[in-house]
Amino acid sequence: MCIRDRYQRRVHGEELKKQFTRKKFSQGKMATRNYLKIGRVCRINYGADYGKHVVVLDVIDSKRALVEGPNDKIPRQSINFNRLTPMRFVAKICRGVHTGILKKAIEKQGIQRDIENSNAYKRTQQTKLRAGLTDFERFRAQVLRFRLAKQARHQARVLSRGGAATKKTAPKKK
Amino acid sequence: FFFNDTATTEIYTEQIVGSVRCVQETGINAEYMGKSLYTQVKMTKGYNDQSFAGRVRQYVVTARKVPKNETDTQEMYSMRIFARSPIFAKSQFWAILKKQSKIKGSAGEVLSVVEVKEKNSRTVRTYGIILRYQSRTGIHNIYKEIRDVSLSGAVSQMYTQMSGNHRCNLKTIQIIKTHVVRKSDEYRKEANKQYRNSKISFPIAKSRRAPLKKYRTLFKAYNSYRLN
Numbered sequence: 001m002c003i004r005d006r007y008q009r010r011v012h013g014e015e016l017k018k019q020f021t022r023k024k025f026s027q028g029k030m031a032t033r034n035y036l037k038i039g040r041v042c043r044i045n046y047g048a049d050y051g052k053h054v055v056v057l058d059v060i061d062s063k064r065a066l067v068e069g070p071n072d073k074i075p076r077q078s079i080n081f082n083r084l085t086p087m088r089f090v091a092k093i094c095r096g097v098h099t100g101i102l103k104k105a106i107e108k109q110g111i112q113r114d115i116e117n118s119n120a121y122k123r124t125q126q127t128k129l130r131a132g133l134t135d136f137e138r139f140r141a142q143v144l145r146f147r148l149a150k151q152a153r154h155q156a157r158v159l160s161r162g163g164a165a166t167k168k169t170a171p172k173k174k
Numbered sequence: 001f002f003f004n005d006t007a008t009t010e011i012y013t014e015q016i017v018g019s020v021r022c023v024q025e026t027g028i029n030a031e032y033m034g035k036s037l038y039t040q041v042k043m044t045k046g047y048n049d050q051s052f053a054g055r056v057r058q059y060v061v062t063a064r065k066v067p068k069n070e071t072d073t074q075e076m077y078s079m080r081i082f083a084r085s086p087i088f089a090k091s092q093f094w095a096i097l098k099k100q101s102k103i104k105g106s107a108g109e110v111l112s113v114v115e116v117k118e119k120n121s122r123t124v125r126t127y128g129i130i131l132r133y134q135s136r137t138g139i140h141n142i143y144k145e146i147r148d149v150s151l152s153g154a155v156s157q158m159y160t161q162m163s164g165n166h167r168c169n170l171k172t173i174q175i176i177k178t179h180v181v182r183k184s185d186e187y188r189k190e191a192n193k194q195y196r197n198s199k200i201s202f203p204i205a206k207s208r209r210a211p212l213k214k215y216r217t218l219f220k221a222y223n224s225y226r227l228n
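Taken in sequence, the protein lines are chains Y and X.
The first sequence lines up with residues 1 to 174 when you count with my numbering.
The second sequence lines up with residues 1 to 228 when you count with my numbering.
Looking at chain Y on its own, in the form it has when it is part of the complex (with noise of 0.2 Å):
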């Protein structure tokens, strides 16, 4: 949960709980924008610098704005917008901020865990592991998901023939 997040809730609560209960968020995301704006930060989606994160500074013009990603060693630089999503949570700092700023308030407001919270961010990791995978490891990986699936398959045969559906803990799986 970001700060922005955190914060409402605090404030408003009660009345969050009601607004929280619509259709909208209870069937999952919909197709919301994050908007661009400054402090918004953002995800390389293409070129060397792919997954990386940036902060927007500044915009530049229509089609470029001023990013800068100090944790992920991304100098200050104009990037096209075709080069950027924008994750959902804003840095809150000022209009062109130097680097020690900006890295304090990245600092502050815990913004590398909430990339690191994020499901693009946990998607990557997961693929950066899966494939620095050994042949072996890749083999282990393939018995334990067997074992899983025997057991899924268990307790739907269970479950359909009207017994009751135990609770056996999965082994670790990678």
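None of these hints come from the bench; they were simulated from the model.
Hints are not guaranteed to be accurate.
Said to hold, decoys possible - Here are the simulated DMTMM-like pairs of lysine to aspartate or glutamate, each with C-alpha atoms no more than 20 Å apart in a straight line:
(1) X/K193 to Y/D61
(2) X/K183 to Y/D61
(3) Y/K63 to X/E145
Start from chain Y and add chain X according to the hints.
Just chain X, lined up with the frame of chain Y:
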């Protein structure tokens, strides 16, 4: 003295005796002067050559007519040129100087070609560029406001815009003046004012494309272009 012609770049002149190094440079930042007497242009293969890149750079070219002997004094001319590489800068320099004075490139010697690098490319600025260009029917002055992080970047954009909108290429364009537009009432184009907003907020199109060039495919799994 300065040439106050409406259609020329700013030219600074100095008189020198013998050695180049004892010249007081006026008008241009002194640190750019005397960096190198002759800039060695590294000839690289093919597409690595900077002149192939669309980007235009800013140079200060200094040259004079070749002195006849040791005691001969020749006026030194310094010019700010926007060109793709030092070679083009020198060429453009002589083309302009020939119109101003009787000195030809063959009778002159280039003393230095120094690239002026942007001091601060970490903030976005709006550059106002006044230029003169030759269209198919005549010669016109134009004022352009371009937002960029550096002056050379803005000038590169300007050349692209001019070629696209007015069908004129680098050779038919002369830059008269460039300045930074600072105050909001100095802006002459409304379109650029909207970016001077700390609370700017707008959606951008989701780009659906392969993350790297090598993953591009000819055939795609989805039927049509989708914004989401």
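Each hint tested on the structure:
Annotation: proposed proximity of X/K193 to Y/D61 holds, straight-line Cα distance about 10 Å (limit 20 Å). Among the hinted pairs, X/K183 with Y/D61 is consistent with the structure: their alpha-carbon atoms are about 17 Å apart, no more than 20 Å. Restraint check: the Cα-Cα separation between Y/K63 and X/E145 comes to about 16 Å, which is no more than 20 Å; the hinted pair holds.
Going down the numbered hints, you'll see the structure goes against none, and every one checks out.
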